[in-house]
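Peer 1: Below, each chain spelled out in residue letters.
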Amino acid sequence: MKSCNFSYYDPNTVSEVVSLISRHENAKLLAGGQSLVPMLNFRILSPEHIVDLNKVSDLFGIKENGNHLSIGSMTRQSELLNSPLIIQSSPLISKALGYVGHDQTRNRGTIGGSLCHLDPAAELCVVASAYNAELTVTGKKGDRVIAMSDWPVDFLTPALDHDEILTNIRITPWQGSHGFCFIEFARREGDFAIVAVAVLIEITDHVISKASIALGGVSAGPVRLHDVETLLKGQSPGQELFKEAGLLAKKVDAMSDVNYSTNYRKRLSGALTERALHGAMARFKGEEEGHE
Amino acid sequence: MELWLDLKERKRGMNSREISLKLNGCEVTATVEPRIHLADFLRHTLGATGTHLGCEHGVCGACTVNVDGDAVRSCLMFAIQVDGKNVTTIEGIANSDKTLHPIQEAFRKHHGLQCGFCTPGMVITLEAFLKNHPNPTEFEIRKAISGNICRCTGYQPIVAAAMEAATNLKNQGQ
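Same order as they appear, the protein sequences are chains A and B.
When you read off a place in the first sequence, starting at 1, and then add 30, the result is the number in our numbering.
When you read off a place in the second sequence, starting at 1, and then add 1, the result is the number in our numbering.
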């Protein structure tokens, strides 16, 4: 259970990082290390070079730029969880982070690390999908912006070249009067979700004017339930509607693995979506989430 | 072929570095290979065997240490990354006059340990948690130690110890 030998670099700037990873083919970027280091210890990975990002100060921090948030990719999960700016402008992020691992892992784990590792059950990927986050990656040729919907390419594989680094995550918080909810089902506290769901609904004149629903754990990347969003739009929220939404969510194309079957994941998707919609409504009305 | 691999493997590890850190208040300097994780460094290089290693992949919480005020898993951090940092392990938790820390005292009183393997991680986790949450509910305590696995106690005595430690720490104004 020891990592293989590797050469270690701890650059201070993004340009040094880019130069290192474009020079070395078999290099891995080390962010918080909460997924990478176990993989190294298990020797699932044995890179020749490790480029540690923990000293690249430009990658840390949360900034408010007009109507959006700009989050550095090395911002720790614990900082996001407790940030007054996040809690006030996009509390769904902070809610979801309550489900991410434990204090000890959130103190090291980063948002960029989570998005790049792209675990199928990663809560931060689900939230980024619900918010239509825009990810900035930096390489030799400069920056490019990737929409969260285009980010997952395959299992554990984001749309990131080996000589590129995710530097920034741009989130546009919802401005209108809206409700939000994040729930997941796992066997133990802090475990990977079997299914997770993030819900954002905007309500104008007693009618749902905008909805965003994202599922995690059902597929390689987060899945947006566009058909459920269409169903909700223009309707007035209520028990019947949410039940119908749950039934539609149940039709999601879910994966199966050694532990949980496709059917089990489908049933969870339906039940959790319905529950999360009620939770979001309760939040909208100013009640505490009764369905957590 | 095998010889070539061997040489390549050896060459990879040739960037050992000298690091300095504060371990439980004492300056320590040592040379480390980058691949050595903090827990192994503490136990093998420095002989501070109070930190226990359970799973070595971030699940059990036994290896939890405090780095610059935050409880972290020392099996998921490389020793080379704590250069210039303040590290507190279970050896540094007791008061300087050798009396037990209130958390340790409460663990003893409530039989919060049996084999003691998970205890260093539990104590370090709770110490950091109670600093930030001086008035925890039982639910919050259970959540706080959810990343620490204990195979002996069934957790009840640990939770009881943590509740009492919280009260005592608050009374002491610590």
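A hint or two may mislead.
Chain B regions said to be covered by chain A (calculated; three or more residues, Cβ under 8 Å) [as the list claims (entries may be wrong)]: (1) 29-36; (2) 41-52; (3) 94-100; (4) 106-120; (5) 156-170.
Keeping only pairs whose Cα atoms sit at most 16 Å apart, straight-line, the calculated EDC-like set for lysine to aspartate or glutamate is [what the hints assert, rightly or not]: (6) B:K144 / A:D149; (7) B:K132 / B:D84; (8) A:K85 / B:D84; (9) B:K23 / B:D69.
Chain A residues, not near chain B, derived (Cβ > 10 Å throughout) [said to hold, decoys possible]: (10) F36; (11) Y38; (12) P41; (13) D82.
Since the hints were derived computationally from the structure, they do not count as laboratory data.
Each residue gets a CB set at the ideal place from its N, CA and C atoms; glycine is no exception.
Peer 1: Indicate, hint by hint, whether the structure satisfies it.
Peer 2: Quick rundown of the hints versus the structure:
1. 29-36: Result for this restraint: holds, n = 3.
2. 41-52: violated (count 1)
3. 94-100: Result for this restraint: violated, n = 0.
4. 106-120: Three-residue rule not met by the stretch 106-120 of chain B, so violated; n is 0.
5. 156-170: Our answer is that it is violated, as 0 residues pass the Cβ test (under 8 Å) against chain A, missing three.
6. B:K144 / A:D149: Violated. K144 of chain B to D149 of chain A sits at ~23 Å, over the 16 Å cutoff.
7. B:K132 / B:D84: Answer violated: K132 of chain B to D84 of chain B is near 24 Å, above 16 Å.
8. A:K85 / B:D84: Judged against 16 Å, a Cα distance of about 12 Å means the pair holds.
9. B:K23 / B:D69: holds, 10 Å
10. F36: violated, 6 Å
11. Y38: violated, 3 Å
12. P41: Given that every Cβ of chain B is farther than 10 Å from that of P41 of chain A, nearest at about 14 Å, it holds.
13. D82: Violated, since 7 Å does not exceed 10 Å.
Violated hints, listed in ascending order, are 2, 3, 4, 5, 6, 7, 10, 11, 13; each of the other numbered hints is respected by the structure.
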